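Participant: Following the hints, complete the assembly by docking chain B onto the known chain A.
Protein chains: 2
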Amino acid sequence: MTSLTEKMADYANPVEMLRNSQIGMYVYPVVTPEFTNWRTEQAAWRESAVLFDQSHHMDELIVEGPQAEAFLAHHGINSFSNFGLNRAKHFVPVTPNGHVIGDHIIFREREDKFILVGRAPTSNWLMFCAAWGNWNVRLRYDPRSPSRPEGERVLREHYRFQIQGPDAPKIFEKMNGGPIPEIKFFHVDWINIGSKKVQALRHGMSGAPGLEVWGPYKDKDYIHSTIMQAAKDAGVTLVQCGSRAYSTNTLESGWIPSPLPGIYTGDGMLKEYRDWLGADMYEAAGAIGGSFVSDNIEDYYVNPFELGYDFYIGWKKDDFIGKDALLKMKESKTNRKKVTFEWNKEDVLKVIATAFEQGRPAKWIDFPQPNYASSSADMVMDGDRMVGMSMFNGYSWNERCLLSLGVVDASVQVGDVLTLKWGEPDDTAKTSAEPHDQAEIRVRVSPTPYAREARENYADSWRSKTA
Amino acid sequence: MTSLTEKMADYANPVEMLRNSQIGMYVYPVVTPEFTNWRTEQAAWRESAVLFDQSHHMDELIVEGPQAEAFLAHHGINSFSNFGLNRAKHFVPVTPNGHVIGDHIIFREREDKFILVGRAPTSNWLMFCAAWGNWNVRLRYDPRSPSRPEGERVLREHYRFQIQGPDAPKIFEKMNGGPIPEIKFFHVDWINIGSKKVQALRHGMSGAPGLEVWGPYKDKDYIHSTIMQAAKDAGVTLVQCGSRAYSTNTLESGWIPSPLPGIYTGDGMLKEYRDWLGADMYEAAGAIGGSFVSDNIEDYYVNPFELGYDFYIGWKKDDFIGKDALLKMKESKTNRKKVTFEWNKEDVLKVIATAFEQGRPAKWIDFPQPNYASSSADMVMDGDRMVGMSMFNGYSWNERCLLSLGVVDASVQVGDVLTLKWGEPDDTAKTSAEPHDQAEIRVRVSPTPYAREARENYADSWRSKTA
Numbered sequence: 135m136t137s138l139t140e141k142m143a144d145y146a147n148p149v150e151m152l153r154n155s156q157i158g159m160y161v162y163p164v165v166t167p168e169f170t171n172w173r174t175e176q177a178a179w180r181e182s183a184v185l186f187d188q189s190h191h192m193d194e195l196i197v198e199g200p201q202a203e204a205f206l207a208h209h210g211i212n213s214f215s216n217f218g219l220n221r222a223k224h225f226v227p228v229t230p231n232g233h234v235i236g237d238h239i240i241f242r243e244r245e246d247k248f249i250l251v252g253r254a255p256t257s258n259w260l261m262f263c264a265a266w267g268n269w270n271v272r273l274r275y276d277p278r279s280p281s282r283p284e285g286e287r288v289l290r291e292h293y294r295f296q297i298q299g300p301d302a303p304k305i306f307e308k309m310n311g312g313p314i315p316e317i318k319f320f321h322v323d324w325i326n327i328g329s330k331k332v333q334a335l336r337h338g339m340s341g342a343p344g345l346e347v348w349g350p351y352k353d354k355d356y357i358h359s360t361i362m363q364a365a366k367d368a369g370v371t372l373v374q375c376g377s378r379a380y381s382t383n384t385l386e387s388g389w390i391p392s393p394l395p396g397i398y399t400g401d402g403m404l405k406e407y408r409d410w411l412g413a414d415m416y417e418a419a420g421a422i423g424g425s426f427v428s429d430n431i432e433d434y435y436v437n438p439f440e441l442g443y444d445f446y447i448g449w450k451k452d453d454f455i456g457k458d459a460l461l462k463m464k465e466s467k468t469n470r471k472k473v474t475f476e477w478n479k480e481d482v483l484k485v486i487a488t489a490f491e492q493g494r495p496a497k498w499i500d501f502p503q504p505n506y507a508s509s510s511a512d513m514v515m516d517g518d519r520m521v522g523m524s525m526f527n528g529y530s531w532n533e534r535c536l537l538s539l540g541v542v543d544a545s546v547q548v549g550d551v552l553t554l555k556w557g558e559p560d561d562t563a564k565t566s567a568e569p570h571d572q573a574e575i576r577v578r579v580s581p582t583p584y585a586r587e588a589r590e591n592y593a594d595s596w597r598s599k600t601a
Numbered sequence: 135m136t137s138l139t140e141k142m143a144d145y146a147n148p149v150e151m152l153r154n155s156q157i158g159m160y161v162y163p164v165v166t167p168e169f170t171n172w173r174t175e176q177a178a179w180r181e182s183a184v185l186f187d188q189s190h191h192m193d194e195l196i197v198e199g200p201q202a203e204a205f206l207a208h209h210g211i212n213s214f215s216n217f218g219l220n221r222a223k224h225f226v227p228v229t230p231n232g233h234v235i236g237d238h239i240i241f242r243e244r245e246d247k248f249i250l251v252g253r254a255p256t257s258n259w260l261m262f263c264a265a266w267g268n269w270n271v272r273l274r275y276d277p278r279s280p281s282r283p284e285g286e287r288v289l290r291e292h293y294r295f296q297i298q299g300p301d302a303p304k305i306f307e308k309m310n311g312g313p314i315p316e317i318k319f320f321h322v323d324w325i326n327i328g329s330k331k332v333q334a335l336r337h338g339m340s341g342a343p344g345l346e347v348w349g350p351y352k353d354k355d356y357i358h359s360t361i362m363q364a365a366k367d368a369g370v371t372l373v374q375c376g377s378r379a380y381s382t383n384t385l386e387s388g389w390i391p392s393p394l395p396g397i398y399t400g401d402g403m404l405k406e407y408r409d410w411l412g413a414d415m416y417e418a419a420g421a422i423g424g425s426f427v428s429d430n431i432e433d434y435y436v437n438p439f440e441l442g443y444d445f446y447i448g449w450k451k452d453d454f455i456g457k458d459a460l461l462k463m464k465e466s467k468t469n470r471k472k473v474t475f476e477w478n479k480e481d482v483l484k485v486i487a488t489a490f491e492q493g494r495p496a497k498w499i500d501f502p503q504p505n506y507a508s509s510s511a512d513m514v515m516d517g518d519r520m521v522g523m524s525m526f527n528g529y530s531w532n533e534r535c536l537l538s539l540g541v542v543d544a545s546v547q548v549g550d551v552l553t554l555k556w557g558e559p560d561d562t563a564k565t566s567a568e569p570h571d572q573a574e575i576r577v578r579v580s581p582t583p584y585a586r587e588a589r590e591n592y593a594d595s596w597r598s599k600t601a
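Protein chains in written order, with this note's numbering: chain A, 135 to 601; chain B, 135 to 601.
Note that these hints are calculated values from the structure, not bench results.
Lysine to any residue pairs mimicking SDA-like chemistry, simulated, CA-CA at most 20 Å apart:
1) B:K366 - A:A563
2) B:K484 - A:T488
3) B:K308 - B:Y356
Source: prediction; values computed, not measured.
This is chain A alone, in the form it adopts within the complex (with noise of 0.2 Å):
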């Protein structure tokens, strides 16, 4: 069995591969599960700064040659119009059939190299995309760290750090050794940290300013030592942030991680790359968890504009994978549209108290990331029809609830009240959960990312409320 076409020919369909894995949860690898603690560490993002080590769970792939950017216009969705080397773009590459695949962020570092580095669907798609339409590119890869490395060492091509917070900007400063140059969003320049000339990608959650800095991962250490010493002579507590708090930061700043890549129907150029494929990467050996179980794995996929990632579209570029099935899907009615959950806390808490009772519980929710599987699908329902699909879970310790992030029918607004169905229908082989019960959550659906505005308006009436 070496393909993903070859595993799937083991199954009654996708979806029963997918939900049977036994690869476990989905891995925050290398970075250590808590620095201080995840409360203080998710707090550090709203309330001083926060140091984000990404150099270890994402893939990295660099793509050169005289045809980089045309290769890459091609595949991705996005304009590439005004893509100068102080830019970088949020990357959606979706299939000919106009599903997502997955993203990555894209950074342009000549005129002929870009770095995109993002989970694996779409470097994988990009290795593939590039054999197949026989382009003028050069690819190296450098995958994500391993999940379990065990005392291993665990070496990258580029060290990454991200530093987010309402004091941020003080670190910045002394890191550089004076005010740093005037970087709007998602664009890039060069910063100084200590002795080194390195580039720096601005970025944001909720409002709050951030930097993503990256270089040779031979420099790791003295980066991170001098963005240490730097917050210290700011006097700003800056606080590392471990791998079990990190994947939740996107909760509150409403990015979907891990969309199931919908390239597992369609025939064609889709075809083909199931073929090319291995059955031990991560479209073949990962997991779906949730309550969702359609025999139609096409229930599970996404498009851009649900996604809300419609205004990227280049829609003047003369063709890219896509654009056609893109068309169409424009001005249909049956696009869902993207929206945070808030989760009811007595319904949380009657799950929680099923794991203080004898007998078979409710799932367990993980704090503070109930994930189980690399892509999530959980019903949300209105009475007997369910008219969402909960696709990122964790818990905020700064708005004090679980959320989650997915999309919903066209028809619902934000305020409903929606049930979550929590947990599987079946005992499936997934490693990455215990045998359990499904119990149903109430949501009310949210803005996204989630708002102040929300969280107010909707204190009173829903979250305080005690039972």
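Facilitator: Positioned in the frame of chain A, the structure of chain B alone reads:
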């Protein structure tokens, strides 16, 4: 500032120093947090078989030389009269004042060579004593692995695995290539693991049979792979235990891993020990966490009678450190006794509920391991009177409840319902705790090890009752 003595001089008392340590959690390092998920991993030691990788979280001290036995017999309370090459012991050193310093598992590898395994306080004490007493022994010290290696390679002197659970014997027979020798509890013999001959200690938790095996660290992968294959061949579900579940196994077996070493007070040898101890060592850098705050650090000490170690004491030995003090303590009416505290479900849920409310919450109970310091000390109250100290916490999926181990006054009886004060009365500098208010959690006093009898007899009245 180079010694514990100098560091202590900076604080009003050592309690203040340790309560404000910024070292963070006591980490179980290197081993992955979860191989499957911590519920399944806990269930495995009760239901099938579990593999603990104990290669990283303990110090190892090798004591060799003509006086090796005499040295160890003089510094531990244990009888050495029956210490053949085929035995291990639970070695307990006390101070001249009779207070427990810590404990190690001690193996006799040759007449003149012992391997000791455990937390730092015992290793540190023995290293000091060897020099202080001018003993003719050679010591080799292999400290526990770094808490946060962040991708750097970690090597040890020995690998160390433990296999436990009702189905473990089937694995032993497979990996040995035939029945293993009959090994009595805490005895040692040689078995085969594939092509390697290794030493095995007969261990056991909650009555389930188990073996601990060790050997040169370079053999680790071979041994690990051979054990996993043996389990497969035997048709046994052998679950690898990650670092999140690992430390909770002691809640069911009843060993308290983390008594505070009784070395912060006392003159003579103890004073010189504090001058010898470095300011970055466990005793100086570690943390006390919990609701119990006393100006007098001796209030945190325990003696061997209180931990149930009195039957180890080699009274027939001419002399050993602490003998006189223990003779006096022996008949003391103030000795406490070791018990298990079973935490009340309703009160636990009330604490958890505060994490879903705005404002200052109760101390978060992290699952499955809520400890937030190298030594825990929570007050256990009978009304306004402190009648016990809770010293090690954890959630047991097998028992579906939070348990803790600690000591209570002689007057306290199994079945008594007391109140544990959860959380600290003040904000300390500890990085492992978020700001919180104190809460009260009823606890029922249960035997140690936490017994089936207790579970079943209290089930109706206590555990299964809903609010």
